[in-house]
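Work out the full structure: start from the sequences and follow the hints.
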Amino acid sequence: MKNPILQMKDIVKEFPGVKALDGVNLELYEGKVMALMGENGAGKSTLMKILSGVYKKNSGQIFYKGEETDIKGPKDAGEKGIAIIHQELNLLPDLSIGENIFLGREPKKGLRIDFKQLYSDADVLLKKLNITTSSRELVGNLSIAQQQMVEIAKALSLDAQIIIMDEPTDALTDKETKSLFNVINELKSEGKALVYISHRLKEIFEICDYITVLRDGKYVGTEDLSNLDEDKMIEMMVGRKLTDQFPRLETEKGETILKVDNLCNEFIDNISFEVKAGEILGISGLMGAGRTELAKTIYGHIRKTNGQITIKNRKIDNKSAKDGLKNRIAYVSEDRKGDGLILELSVKENMAISSLDRMSSLFKIDKKKELARVKDYIGRMRIKTPSENQLIKNLSGGNQQKIAIAKALMTHPDVLILDEPTRGVDVGAKKEIYDLVNEFKSQGKAVIMISSEMPEILGLSDRILVLSQGRITGEFDIESATQEAILKCAVETKEA
Amino acid sequence: QQADSDTKKIGFIVSTLNNPFFVDLKKGVEDRAKELGYDVVVLDSQNDPAKEVSNMEDLTVKNVSMVLLNPVDSDSAVASVMIANNSDLPVVTVDRAANGGNVVSHIASDNAVGGAMAAEFLMERLGGVGNIVELEGTAGSSAARDRGKGFDDKIAESNINIIAKQSADFDRTQGLTVMENILQSKSDINAVFAQNDEMALGAQKALEDQGMKDVLVVGFDATDDAVDAVKRGTMAATVAQQPILIGQTAVDAIDKILKGEVIDAFIPVELKLITK
Amino acid sequence: MDISSRVDNSKNKSLNMKEVLVKYKSLLGLVLLIAVVSVLNPSFLSVKNIMNILRQTSVNAVIAAGMTFVILTGGIDLSVGSILGISGAVCASLLVSGQNVVVAVIAALLVGAAVGFINGFVISKGKLQPFIATLATMTILKGLTLVYTNGNPITLGSNELAMSFGKIGGGTIFGIPTPAMIMMIVFMVCYYILHNTKMGRYTYALGSNEEATKLSGLNTDKIKIWVYTISGILASVAGIIITSRLYSAQPTAGAGYELDAIAAVVLGGTKLAGGKGKITGTIIGALIIGVLSNALNILDVSSYYQTMVKGGVILLAVLLDRKSN
Amino acid sequence: MDISSRVDNSKNKSLNMKEVLVKYKSLLGLVLLIAVVSVLNPSFLSVKNIMNILRQTSVNAVIAAGMTFVILTGGIDLSVGSILGISGAVCASLLVSGQNVVVAVIAALLVGAAVGFINGFVISKGKLQPFIATLATMTILKGLTLVYTNGNPITLGSNELAMSFGKIGGGTIFGIPTPAMIMMIVFMVCYYILHNTKMGRYTYALGSNEEATKLSGLNTDKIKIWVYTISGILASVAGIIITSRLYSAQPTAGAGYELDAIAAVVLGGTKLAGGKGKITGTIIGALIIGVLSNALNILDVSSYYQTMVKGGVILLAVLLDRKSN
Ligand SMILES: Nc1ncnc2c1ncn2[C@@H]1O[C@H](COP(=O)(O)OP(=O)(O)OP(=O)(O)O)[C@@H](O)[C@H]1O
Ligand SMILES: Nc1ncnc2c1ncn2[C@@H]1O[C@H](COP(=O)(O)OP(=O)(O)OP(=O)(O)O)[C@@H](O)[C@H]1O
Ligand SMILES: [Mg+2]
Ligand SMILES: [Mg+2]
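Sequence order for the protein chains is A, B, C and D. So that you can map any letter, position 71 of the first sequence is 84 in our numbering, and since no number is skipped, the others follow by simple counting. So that you can map any letter, position 225 of the second sequence is 528 in our numbering, and since no number is skipped, the others follow by simple counting. So that you can map any letter, position 84 of the third sequence is 473 in our numbering, and since no number is skipped, the others follow by simple counting. So that you can map any letter, position 107 of the fourth sequence is 496 in our numbering, and since no number is skipped, the others follow by simple counting.
Note that these hints are calculated values from the structure, not bench results. Hints may contain errors.
Computed list of lysine-lysine pairs in DSSO-like fashion (alpha-carbon distance at most 27 Å, straight line) [said to hold, decoys possible]:
(1) B:K516 with C:K556
(2) A:K129 with C:K587
(3) D:K665 with A:K377
(4) D:K514 with C:K414
(5) A:K231 with A:K444
(6) D:K611 with A:K317
(7) A:K406 with C:K516
(8) A:K121 with C:K516
(9) A:K88 with C:K587
(10) D:K667 with C:K516
(11) D:K603 with C:K660
(12) A:K129 with C:K665
(13) D:K603 with A:K380
(14) D:K665 with C:K603
(15) C:K603 with B:K516
(16) C:K660 with B:K468
(17) D:K556 with A:K380
(18) C:K414 with D:K516
(19) C:K587 with A:K350
(20) A:K69 with C:K603
(21) B:K489 with C:K437
(22) A:K339 with D:K516
(23) A:K245 with A:K266
(24) A:K121 with C:K665
(25) D:K556 with B:K365
With beta-carbon atoms standing in for the labels, derived distance ranges [stated by the list, open to error]:
(26) A:P29 with D:N541: 19 to 25 Å
(27) D:G515 with A:K254: 46 to 52 Å
(28) A:E101 with D:K611: 50 to 56 Å
Since we're looking at a predicted model, the values are computed, not measured. All residues carry an ideal CB built from backbone N, CA and C; glycine is no exception.
Here it is, written out as structure tokens:
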């Protein structure tokens, strides 16, 4: 290969008490995409934050175009031609798309910002990404997926030499992912160097050229993708072999547990379906299809305007999440950092919060009982945490997600609604979550699983519903379901 | 610290120092104390009776020989006085009395009498008829109550009407604003009585802006600004409480007490109406 | 693609409707208030009284304009009242010592700017919560003003200098009170800054998401220092107006003004959490408060009840506005 | 397994270190203050003066305890001073009308609870910003108290009833001033509630993430109503203590107390954004303020400078505490 455009050597980064990176190396080449791989907490984001000037390294060297450099801060990185799309969205909801894209680099006309120029430049970028939304729209009004696309546009606007994408497709569905890949290919042909981080192995094989693997903050190795298959890659990351990524469990289906009839509100349109005991109902669809809203409506967090929900032949009318739990429906949010977990509270407090009623009188929480139950779940779900008092924000994504599920399970639900249960979760933890869901299913409970990951939907569900524009546009038995058929239903519009 | 035990210390608790009147009172106390060779510890109650009690408590652990108390409120002052009584600290009150407890002497000029003086002045100048606007001090404060009561009771004996009565918080800006607003709906005004000079000066400004120079403005306290205004003729009068004199008188009384002399339970300090 | 465009169109429409409603609501409150009062007392709507209201509102409005910047970043400035007090005192003492008006005014503005700068500096570099930091500066400044003035008002007297300085608060320009003119200019400049300049947009950005603003390479410390400095300067402008209006600086001037200014900003629809709000709303909020005080005086409401009514109207106004959350 | 346990263990350690440091810092500030003052004036550490400080601190501390709940949810309660005022007035007027002490005290507590409930109700159901909602109730209550008392203090006189009521504020139990005893009990109960009951847990949860709390199936409206009610009740407790202490209820009692209470909470390390903080910190914060006022008096600091020093010390104390952000 040619000389690398950028080299990181022996990078060490310590947080108080944590050695997040310990002697990591990395090389980037013009016109190549490097996949940065590793389990949750391996140090991928930390490494990229050093490269983009967010963190300062404790030691190690960075060579850019052959010369050693020091990256002083986000602004400096931008000026040096390093752009990053952070794992967490970093947008300003109260500013427009255009303003977000060019924040800090607004074109000026005298004293004032040249808004005409700004918006026309922004619109050009959006078009490149296949987005038709006007760049004058406020970012706060966009869905998470659309916001992610704005982040990508923002990174592109820098016209950088090195572009880092930290789990950019985390919130995207296949369609936007495709647009993104088109752009990546274009960038490659323009001779840019890219870093691509994702837990979706299929994407890695589709878009990347070589991988660098981290484990436990240490450098494991760099390997050309042509020398690798999925199993080998997993082995490099996890340090051991994993078998059967999507273990679907065949169970005897029982009576109908949840029945939904003609459910309507401003997001969803006349939805009817049922879920039986021992069944996983997968729900697929594009971003904005209304899947999350459907789930929250069943749960009671969003009000229905019409329709009927029945649980075990009992008609229910949930007016809040509290009612949903009372009627034995539990919902695990797609956004664990936003509304799924309370990051400032401990593992124990998060897990128990929805079921404290069962563990306390008015005047006292039965702390013994609470601790016993929490420890039970920590053990059963193999949650990696030093103690039940650890703050949840200090755990890796996969473990956070397990706690979100544990919180739901602790309420003893009959119906468990999982919304994107493995978003941002590494391969190892994913498998553990699937096992958990299967175990719950085998106890004769009903599961609704919303997912944008096609393999997950196809691999785990017993039946699949497809939503588009708030309506059901397709229903499949697992035997008859194919990726193509599902996608076709997902893009179906009212007019069609 | 306690080495210089031959100079005696007087504790002076003042209701507030955010007001020129009490600043002058303090000045009178301090100046005379210096002349007579006393140290003075000044504690500010910031118009809060609870803070006054705390101040009194704090004085009980300092080795002061006497307390000069300028209460925030006559009723709540009882608590402060009792604290001093319990610590065998003799108390003299100044400007406002305490409605209970053991007080050796009270030095003051009477707010209600001052209000009445202002009323008499206006009754005379207006010939017993006319329309008056009254600007009240901070709602609920004792000065506002007493001055207002003295004034209103006296005016009630005449044919003068109080056509508007509004609070301007003892504040000059408020005095200006409130007077401006009153002038929008009332134009037939012969005189303004403001319960302190700050408000009076504000009101006078509002009247001047409207070209209503004939309206008699009477204030209270005789601050420097107000006395100037009276001299220039822009204000008609101000009731002089002579705070410096009150302060001096109080220290004289304390001096006598400390020397073992017996003094009157009430030492009035004359009020003066300052006119041109 | 038509999916997202459908969604976005409808969202866009609902947004505009919302925005109109928000503006409409604060305005509605104001109009309603004016209507009720003018029926109860027709002299309320006289030209003279309207000028009065504008003059009286100007002080709070000017402070509130600066407060809007601070609140848009998610901060709060409790020290504005004290800044008003100290800069008025500085201005008056310079005039008394015979300095000319321009020097005195500039000195007062510099005092405000300096205190604002210190606020911003302590909050950004010291990473303090704005509430407690400005509470501390408020307390310190209050004491400083008392020490500086020795607890007595500083009076300008009635010489020519004082008279010419007095025009700032008491004069008129084209028949409009000078303070009202100043207020209008302040608001126009603030509007321009907020909507057309980088600093204005960064003000919104910071209040919207501090972390993201930082990651975009912006200097958030600088933005903070900037907004508190603006707030400090505008508080001094208010201090100069008051001093000029009264021909004197009061040692306790400005006490409690912070709450009126915050109330004006919030009544105008700006969210205390930052990021969302409009300077045009602030002027409406200030007018609501100004009209209310004026009306209560004009209607002869006894002072005990005035306080209650004022609280009630504020509550009503925000309740009216609450759907816009 | 060893990977994460290594990482997490060390994290845990650093966390605990931090927590200790946070606590330590507020305490450190307090200890430092006490050390300095007692060197400057030995009588500061006399038993009598310590009792003085405890008695003087109790009112602010009790209000601040309630404020801690509110601030932990991310709210703020500006109406505590006014609640103190009105409940003191109600208590005193009942005593004057010959009711017995128990009835009067309970009535006062009910007034505080009712106002707190209304605050919570308006904020949760009306979706108002706590700052502006409680600012409005503060103003309304101030007026109401003036109307109720007709602007005059309500004096208990010196009959037997008044004397027995006076024990609440002025008496001692086992040599410790009754208000200090009340303060300690209040803090113990609050500690218990925050750490051992559902409502305490929910208070932290709400302040950390309202949406997640709602989605976890909790009734956030109820939690809000609850914290403001607590704050209201504790403000009345403070009102009862003051009334008893002064043998009279002042029509303007409590003005400005909200800022002292908030300062105590923040000095104690609680974040105004909610979710983070400790009630034990609040008592330290209240003691810092109490010791400071007492010390400034004892050290003969002139009153204008007292204000400045107080502001400076608050600033210093929070700066000392800032690293814990
Ligand atoms: N600001 C911080 N303070 C303390 N520890 C941190 C901080 N940021 C990251 N860490 C720790 O550093 C380690 C590496 O984290 P990092 O976010 O880089 O992982 P990652 O590989 O990006 O994981 P994921 O796949 O979940 O995004 C983790 O143990 C994490 O908890
Ligand atoms: N807060 C909101 N206000 C208005 N409309 C919203 C809001 N949230 C979502 N929507 C709209 O509701 C519809 C469903 O959105 P949502 O993103 O939940 O769908 P989804 O199928 O769950 O997609 P995703 O994969 O992004 O979670 C879309 O039209 C979306 O734009
Ligand atoms: Mg990461
Ligand atoms: Mg969704």
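Query - Violated hints, by number in ascending order, as checked against the structure - result: When the structure is compared with the hints, numbers 8, 15, 16, 17, 19, 23, 26, 27 and 28 turn out to be violated.
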